[in-house]
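**Q** In case you want the letters, here they are:
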Amino acid sequence: MNILVCVSKTPETTAKITFTSDNSEFNTDGVNFIMNPYDEWYALVRAIELKEQFGGEVTIVNVGPSENDSVIRKGLAIGADKAVRINAEPKSALETAHHIANFAKEGSFDAVFLGKETIDYNGSEVSAMVAQLLDLPFVSFASKLEMEDESKATITRDIEGGEEVIEVAPPFCLSAAKGLAEQKIPNMRGIMMAKRKPLDVVEADEVSAPLEVKEFSLPPEKGEVTLIDPEDMDELVRLLHEEAKVI
Amino acid sequence: MSVIVYAESHGGAFNKKTFEVITYARKTADILGTDCIAVCHGADSPAQLGTYGAQKVVTLESDALEQFDAQTYTAAIAQAAEKLDGDTIIMQHSANGKSIIGGLAAKLNCGSVSAVNQLPSNDNGFEVIKPVFSGKAFAKYSISSDKRVLSLIGNSIPPEEMGSEDVEVESMSLDLEAPKTKVIKVDKVKGEIPLPEAELVVSAGRGMKGPENWDIIEELADELGATTACSRPVADSGWRPHHEHVGQTGIAIRPNLYLAIGISGAIQHLAGVNNSDTIVVINKDPEAPFFKAADYGVVADLFDVVPRLTEAIKRFKAS
Chain C
1 MNILVCVSKT PETTAKITFT SDNSEFNTDG VNFIMNPYDE WYALVRAIEL
51 KEQFGGEVTI VNVGPSENDS VIRKGLAIGA DKAVRINAEP KSALETAHHI
101 ANFAKEGSFD AVFLGKETID YNGSEVSAMV AQLLDLPFVS FASKLEMEDE
151 SKATITRDIE GGEEVIEVAP PFCLSAAKGL AEQKIPNMRG IMMAKRKPLD
201 VVEADEVSAP LEVKEFSLPP EKGEVTLIDP EDMDELVRLL HEEAKVI
Chain H
1 MSVIVYAESH GGAFNKKTFE VITYARKTAD ILGTDCIAVC HGADSPAQLG
51 TYGAQKVVTL ESDALEQFDA QTYTAAIAQA AEKLDGDTII MQHSANGKSI
101 IGGLAAKLNC GSVSAVNQLP SNDNGFEVIK PVFSGKAFAK YSISSDKRVL
151 SLIGNSIPPE EMGSEDVEVE SMSLDLEAPK TKVIKVDKVK GEIPLPEAEL
201 VVSAGRGMKG PENWDIIEEL ADELGATTAC SRPVADSGWR PHHEHVGQTG
251 IAIRPNLYLA IGISGAIQHL AGVNNSDTIV VINKDPEAPF FKAADYGVVA
301 DLFDVVPRLT EAIKRFKAS
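Protein chains in written order, with this note's numbering: chain C, 1 to 247; chain H, 1 to 319.
For the record, the hints were derived by calculation from the structure and aren't laboratory data.
Think of the CB as a built atom: it goes at the ideal place given N, C-alpha and C, for glycine as much as any other residue.
Certain hints may be false.
Simulated crosslink set (SDA-like; lysine to any residue; CA at most 20 Å straight-line) [unchecked claim]: (1) H:K136 <-> C:E167; (2) H:K136 <-> C:D29; (3) H:K136 <-> C:K184; (4) H:K188 <-> C:T154; (5) H:K56 <-> H:G125; (6) H:K180 <-> C:E167; (7) H:K27 <-> H:G42; (8) C:K222 <-> H:V186; (9) H:K314 <-> C:L239; (10) H:K182 <-> H:K56; (11) C:K152 <-> H:V186; (12) H:K136 <-> C:A15; (13) C:K184 <-> H:M162; (14) H:K136 <-> C:G30; (15) C:K91 <-> H:D304; (16) H:K317 <-> C:T18.
A few chain C residues that don't get close to chain H, going by computed Cβ distances all over 12 Å [as the list claims (entries may be wrong)]: (17) S21; (18) G55; (19) R73; (20) K74; (21) E106; (22) K184; (23) V201; (24) E203; (25) T226; (26) R238.
Just a few of them, taken from the derived set where beta-carbon distance is under 7 Å, the chain C residues facing chain H [unchecked claim]: (27) T13; (28) I17; (29) T20; (30) F54; (31) L94; (32) E212.
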């Protein structure tokens with residue numbers, strides 16, 4: 001089973017978010033970057049497990065500049081076989097999706113896995129876009145995937161207040177949610193081997209997207225917290241009813 | 001040109017989030033100086049959408065729509081939008097909405113902004129704001145294509161009765177391929193409002209010391225009519241089910257009330273809840289970072305104060 005796993009680079013979850021002085025760009029000074037957790041912990045690890053079950057290859061694709069190579073190498077250390085970086089700096093989900101789809105069309109993949117969203121732009125869009133551009137069936141928010149053989153996947157999908165179980169035959173595209181796999185820490189052997197695995201850089205086709213970020217802003221500061229006497233919970237209830245008007 | 005809003009229904013019924021997105025779409029149509037057409041499938045009373053602002057309702061008919069399939073629904077909405085001369089397509093940022101917004105943008109080759117929480121403006125081209133970096137910031141997007149697709153986060157704007165049920169309802173039959181996925185089972189957690197839809201949430205963390213102590217949380221949630229949630233360490237330790245985990249890598253929520261009990265307020269947790277309207281924090285550590293994000297705080301041992309709060313709510317309800 002040959003699986004393409006699309007990985008993204010995001011600021012780590014504890015990063016302090018600030019912007020350049022004109023608020024037009026994310027200020028990356030002092031920010032550590034990681035592989036997007038949904039891509040790494042769930043999409044990539046499950047893909048590697050399927051490769052171990054059926055044979056085949058796991059290919060990582062990332063769209064971005066050379067600074068992303070360390071994140072890609074980590075994916076190779078976890079167990080992907082090879083990686084491709086598409087050398088572009090997309091400004092929108094649609095551009096990213098076009099780059100990935102253009103690359104995927106050239107290969108023959110039985111499945112394309114992505115995380116359900118990135119933790120920076122939280123769009124949940126690229127996966128559905130890639131599926132559409134490749135004309136593949138798409139299963140979103142997969143929290144479980146079982147395959148008895150390579151002809152059919154049974155996927156549990158998170159929906160509001162529950163889950164759906166879905167059957168689909170490869171090739172298909174999937175977005176990964178928590179539960180799909182257990183996070184895997186690369187071991188020393190994996191890290192050493194990753195250095196010898198291929199990481200190809202391909203130049204991107206010209207794509208455009210009719211979308212741009214005009215300006216970033218930070219949420220307004222919260223006012224001071226109102227402390228309530230622990231002995232007087234009636235006062236808290238009164239405030240929630242009369243002041244906050246939430247009960 | 002029209003605004004087309006996809007009105008999701010489940011088991012034939014719309015919910016509050018559907019009405020929110022209808023009102024949002026109508027207000028967007030007003031901003032753009034056009035009309036708002038709702039499309040739906042399998043709803044028991046499509047005319048209800050008129051009440052919340054739809055100026056016309058179109059029911060989409062095709063056997064292919066009997067189950068949700070992202071590819072099929074994407075094709076259906078694209079087809080409907082084309083027939084209805086729609087240029088702006090709006091949907092909920094729900095599990096299903098998130099599964100189709102990207103596909104629609106790719107199919108129509110247009111700009112899309114998912115998870116918006118404010119109305120767009122059209123003074124300077126089409127601009128709309130959404131939270132980014134898991135709620136730690138906002139980004140203003142400008143879309144330059146003729147068409148555009150948006151998805152709206154729940155609880156962003158209240159539904160308003162802007163129209164009436166006396167609205168034109170027509171049906172449209174669509175020409176769709178059969179879905180390539182097959183839904184073989186649907187399991188819903190019974191009897192509880194799902195977290196993303198809950199308006200009141202009671203959430204607890206490691207301060208609870210162990211899963212055996214959750215009775216006081218459940219009693220408080222029952223009394224309030226709230227849904228229970230938890231922090232990541234609690235879910236990871238198996239004290240509570242994973243679907244209760246809220247935070248950056250769990251579910252992001254924005255209820256009217258978020259009551260955090262025994263949760264210190266790590267930045268990853270805050271990212272998933274800091275857009276809640278009102279935050280109450282109960283923690284015995286006055287230095288807990290969560291107090292900085294809270295509207296109301298109680299510095300006390302949760303095992304003392306939670307039962308007392310439950311009693312106070314009982315008295316409030318009785319009064």
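**Q** Does the alpha-carbon distance linking H:K136 and C:A15 stay inside the 20 Å limit?
**A** 10 Å, holds
**Q** Please verify that hint: C:I17, Cβ, nearest Cβ of chain H, below 7 Å or not.
**A** 4 Å, holds
**Q** Would you check whether the claim that C:R73 is not at the interface survives, using Cβ distances to chain H and the 12 Å cut-off?
**A** 23 Å, holds
**Q** Taking only the CA atoms, is the gap from H:K182 to H:K56 under or equal to 20 Å?
**A** 32 Å, violated
**Q** Under the criterion that the straight-line Cα-Cα distance not exceed 20 Å, is the pair C:K91, H:D304 satisfied?
**A** 51 Å, violated
**Q** Identify whether the interface hint at C:F54 stands, where standing means a beta carbon of chain H within less than 7 Å of its own.
**A** Where the cut-off is 7 Å and the nearest Cβ of chain H is about 20 Å from C:F54, the hint is violated.
**Q** May I ask you to test the interface hint for C:L94 with respect to chain H, counting a Cβ-Cβ separation under 7 Å as satisfied?
**A** 6 Å, holds
**Q** Is H:K136 close enough to C:G30, meaning Cα to Cα at most 20 Å?
**A** Cα-Cα ~17 Å, so holds.
**Q** Between the alpha carbons of H:K56 and H:G125, is the straight-line distance 20 Å or under?
**A** Given pair H:K56, H:G125 is violated - Cα atoms ~26 Å apart, limit 20 Å.
**Q** Given the hinted pair H:K136 and C:D29, is their alpha-carbon gap at most 20 Å?
**A** Cα-Cα ~17 Å, so holds.
**Q** Checking one constraint from the list: CA of C:K222 to CA of H:V186, max 20 Å. Satisfied?
**A** 41 Å, violated
**Q** Is the interface hint for C:T13 satisfied, with its Cβ closer than 7 Å to some Cβ of chain H?
**A** Because about 5 Å separates C:T13 from the closest Cβ in chain H, which is inside the 7 Å limit, the hint holds.
Checked against the numbered hints given earlier, the structure breaks hints 1, 3, 5, 7, 8, 10, 13, 15, 16, 25, 26, 29 and 30 and satisfies all the rest.
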